[in-house]
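Number of protein chains: 2
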Amino acid sequence: MSKLETAMDTIVNVFQYYSSNEGDKFKLNRRELKNLLQGELSSYLQVHRDPQRVEAIMSDLDMNMDGSVSFEEFVAMVTELTVCSSSFFQDYTTPKINEMK
Amino acid sequence: MSKLETAMDTIVNVFQYYSSNEGDKFKLNRRELKNLLQGELSSYLQVHRDPQRVEAIMSDLDMNMDGSVSFEEFVAMVTELTVCSSSFFQDYTTPKINEMK
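Chains H and L, in that order, are what the protein sequence lines are. Final position of the first sequence in the working numbering is 101; the numbers increase by one with none missing. Final position of the second sequence in the working numbering is 1101; the numbers increase by one with none missing.
These are computed hints drawn from the structure, not numbers from a lab. There could be a bad hint or two in this list.
Unchecked claim - Example chain L residues on the side facing chain H (calculated, C-beta under 7 Å, incomplete):
1. 1002
2. 1014
3. 1088
4. 1092
Beta carbons are placed, not taken as given, at the ideal position from N, Cα and C, and that holds for glycine.
Go ahead and model the full structure; you've got the sequences and the hints to work with.
Shown next as structure tokens:
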């Protein structure tokens, strides 16, 4: 596997680890999302200091409005967070969501 | 860094390696995309056997119609390919693009 394929494999494994706990194994419910954010992205998001932030993120994430987060929605969120935090993107203007539709 | 953050860092590095060669360093043009597909995703896409496939992928990718591929568009493509190839997702029904808008 290439480095890119290995990285995507890791992301699937992280998603699966959290999404398989309750209900639909292909979706993160609110509790699973919260656990994932705290376990894997706590340096990006200070979840424990601001519990309402999880609600806000879930709301942004849930593009198809079914109350849970698919793998595609999850990766789109992590991508946004990566652009915000990576030094490579410091001069990059993020495309507006509406421009991408 | 968590495993997830390390994986996203790898994806940024792969994107940067190819996108920095020509023109806008935050975008992949057609040649850069072709090189990336051949170098990093050749087991998913048999690019060398079907050159028109690159045009088709670029066309699908380029959601904001500017003729080049942003990091967000690139990650969305790799995510789709991952869902198609990962054994975890074999029973998963991919959401229609229109349902996600």
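How the hints compare with the structure:
no., hint, result
1, 1002, "holds (4 Å)"
2, 1014, "holds (5 Å)"
3, 1088, "holds (5 Å)"
4, 1092, "holds (5 Å)"
Violated hints: none; the structure is consistent with every hint.
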